[in-house]
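The lines below spell out each chain.
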Amino acid sequence: MTSRPISYAVLRGQVIETDLIEFGGRGGDITFLAPDPHKIGDRIPLASPRLMEDLYELSFEDILDYLAELGERLHLKDNAYLQEALEYSYATAPTTKPIMDGFFHDMPFMFDKERIRGMVDFNIGIDYLESWVEKAINGSKVGIRAYGARTLHIVAGNGPVLGALTVLRGAVTRGDTIIKVPSNDPFTTGAIARTMVDMAPDHPVTKHLAVAYWRGGDEALESRIYQPHNIEKICAWGGFASVKHVTKYIQPGIELISLDPKRSAGIVGGEALETPEMMEETANRIACDFATGNQTACSAARMIYVMCGTDEEGIEKLKTLGQLTYDAMLRLPQVLTTKPKRYNPELKSQVDMLRLSDDFYTVVGGEDDEGAVIVSHTSDRVDFWEYLADRTVNLIPVDTLDEVLDVIDAYTQTVGVFPESLREVVRHKGALFGGQRFVSLGYAFNGPGLVGPQDGIEPMRRLVKWIISEEPLPGRKPFWECADEEIALVA
Amino acid sequence: MATTVEPGPRAAATDNAIEREAERWMNNPYEHFGYHNTRIHSLPRDEVEAVQITAMNLRLEERRSQIKMLEKFAVAQGISRVDRLDEFAPLLMPHDVYKSYPVSLLAKQKFDQLNTWLSRLTRYDPTGVDVSECDSIDSWLTKLRDETPLDVATSSGSSGTCSFFPKSKQDYRFSMMSLRTQLAQKFGQDPRPGDVDDKIHAVIPLYRDGHASTGAFAKYAGEIFAKGDPDYWHTCFNFKISSDLMWLAARLRAAAAKGDTSKVDVPPSLLARRAEWEQAQKDMPAQQLAFVNQMIEKLQGQRVFVMSMSNLLYAVAKRGLDEGMSGVFAPDSVFMGGGGAKGVPLPDDLEEVICKFFNTDRMIASYGMTEMNSMSVLCDHDQYHVLPWVTVFLLDLESGQPLPRHGVQSGRAAFFDMTQDSTWGGIVTGDFVTIDWDTPCGCGRTSVALQKKINRVSEVQGGDDKITCAATPGAQAEAMEFLTGLEG
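Sequence order for the protein chains is A and B. Heads up: take any position in the first sequence, counting from 1, add 208, and you land on the working numbering. Heads up: take any position in the second sequence, counting from 1, add 873, and you land on the working numbering.
There's no promise every hint is true.
Computed list of lysine-lysine pairs in PhoX-like fashion (alpha-carbon distance at most 20 Å, straight line) [as the list claims (entries may be wrong)]:
#	chain 1	residue 1	chain 2	residue 2
1	A	Lys456	A	Lys441
2	B	Lys1042	B	Lys1016
3	B	Lys1042	A	Lys556
4	A	Lys556	B	Lys983
5	A	Lys349	A	Lys556
6	B	Lys1016	B	Lys1059
FYI, nobody ran anything at the bench for these hints, they're computed from the structure.
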């Protein structure tokens, strides 16, 4: 046995651990072993769409039972695969041990039956997955049913929950799911899949999951797999980084579901700074939204616009808020946030430069690579705003709401709002400008979960094929009985 | 300092000698070395390093009292003197500092505040200049150029930010002198009198003037190559390229990549000039082609210095060869090509066609940047040789610490150019560079050499399959470049 980490391929109920070759290792990353993808390439896609049939011998409740049992087996303390994956993931993950421990500890909760049922019903409607939902319209009886698709998922690796979420989404939609794991999370999904194999190797849900690692852009392999006779959809997280290899394979017959890279922001009204108590609450809210998960997620806030005005008094208040926000960050529990694993040295040098530009900026913290709050003295975000990470947030003073809306664009996912009086106008105008999710500031990570729309689309509704069945209702006259003037060809 | 041992009289004499040598290198190295390219590139490395360390300490002492940002920086780093080159690395500033002003100052045309910002970065104080009447970047920078030793260099990046690098006129002259000295002479030979003193035709199919490098280059080439004689100074567009329009174009590109060109935060008066820029861009290639052809006719057989985009020279050469022409200029002419636009691959036979038509041994390439005076020229063995008054540092991408100065090393390039007149001169770049410290270059130069293949650090760090849902700069910059190409 080798002691080097293995990214197992798990193909349709079979764990592959032969023909291991080395991957990774660039830029100081650890190397890991994975089965030579070229040797298993033909087994990654489903041989024929006809083989989806077995998923229709299951009821939705059967699938829920399966997932619930899987959830039971994903308790970290009892699952050696997960323990091993966690151990290795400390090296590959962008976050730290306490945060990763938290993610792994919480994994079984994702498989709670009622939680899944609620999510699926809210998103797709369980009826549509179970049967033809029929309705009379325009003189016809129309039946609609959501069918599973053969989908390749290129998942992001900045949180280990995304593999689990993909397994779950694939199962409830009766999809055939291929997961190409990323090099920043090459172990977790394989561990879940191995647990499935131990639990029920011949179960259709197990049989319709293929997990493997290959280097994104491996043209010899990808040109074999990414064909309409193998897959119908590609669901790619991470936008350009993952999609750049994929776009050349997009053709009629393959649909791309692109979950683009996003960033998030917050908007704070002037009244939030009126009393010391309000100020304190605002600081806590900001800290929760930017520091959670060490700011690796797209939903983590990076810029907070504060309508305190740009006069001297406003800036002084903002500086106070900056200090309070920094203190609030340090108070947050370890499962939410810690000192970053590695503070980006380039970012550090930029933050340090701003510390010297004290005409225009106040920098709170950051000298110990622990994260920093940068307070702008003008209505400008820092020049390197796209690089804000590792618990570094920019507080920006503005005079009017319009200035804030101006910076919301199609790359903006979550917008935290406080106080609530701003919500109506912010969510309406913000949506027009491109914003996709509006939350109460402080609750970006403390909401219902990924229950529906995400990045302005509904991925789960996109993962299924919407099939329509039409029958004429009594009274619809056939064309062959129609007089010329009775015929109307309409779309 | 109190703790140092009092040096003996002999040591003091040596120190003084080396300090005097360092001062000559700092203040006018070309004159000091008699404009002798071969001598400049044949100095023993240990002697060079000794002068460099001395110059670093002299410059640090002098400049920290003149440049406020440097003073703060040196205090923050806790460094007031160095004994080894590596100790100097923390004093190199990230290049982004030259765009660290709040962009609203530019959009709102608060040039007095921008002057204050600039004043922290140069030893020439611009704050005394009355800029209350200035209504554009061009008018602001022209005023500074007229009334101070400064000639501020602008550049616009793909993010739409305009950087302002407070170069002085002296800096530009050194920069151009570094090209003339290295390009006009063959390594291994003494300079011929004409290499140094004669007027040489400068042929530049770009703008005659400007605050952006594409304009400033021609302006100072006119001084240093053509010695100010308009008959020797040839540019395609005989006017000044507008930094305002370049900034506008960059903002428009950045906004387009973000999906909303209506959100361009520039003064409305500038936005109104959009059509002017677009028209100029459209007509450019045809005019440049006509210009080069005109030069061929006019300057046949003469010694010329041509600085152009490679693909333009190629187009002219290809057509010339097809028409049975070749060898149009004097054989000691110099052709320096610039890289093609991204997404426009250069043809395989590029160098062959250009050399054949223009009767030259090879195309010259050089590595340099606005933030540095000294250009490094590619030798016959495909290495960029760094002038001895520039110290190169390779920094580890992860830690930012200097890599060893032996063996073959690759890292983020950083430089200290002791000839820098206006600014500090210590800069950390975004370039990923390889140096073989031990193997002498086959060309015979002893100077430190950068290998030909130079990447952006972001290219080296990006990719490798780390997928994240958060908009990382790498991913987005790449997407942006992909969408916008690299024009203008």
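Could you grab the alpha-carbon distance between A/Lys456 and A/Lys441 and see if it respects the 20 Å cut-off?
Between A/Lys456 and A/Lys441 the Cα gap is close to 14 Å, so the pair holds against 20 Å.
Has the given pair, B/Lys1016 with B/Lys1059, been kept, meaning a C-alpha gap of at most 20 Å?
violated (40 Å)
Hint consistency between A/Lys349 and A/Lys556 [alpha-carbon to alpha-carbon, up to 20 Å]
Status violated; Cα separation ~64 Å.
Is the straight-line distance between the alpha-carbon of B/Lys1042 and that of A/Lys556 20 Å or less?
Measuring from Cα to Cα gives roughly 33 Å; hence the hint is violated.
Holds or violated: are the alpha carbons of A/Lys556 and B/Lys983 at most 20 Å from each other?
Since the Cα atoms of A/Lys556 and B/Lys983 sit roughly 29 Å apart, the hinted pair is violated (cutoff 20 Å).
Taken at face value, is the distance from the CA of B/Lys1016 to the CA of B/Lys1042 at most 20 Å?
Roughly 14 Å separates the two Cα atoms, so the pair holds.
The structure fails to meet hints 3, 4, 5 and 6 from the earlier list, while all remaining hints are met.
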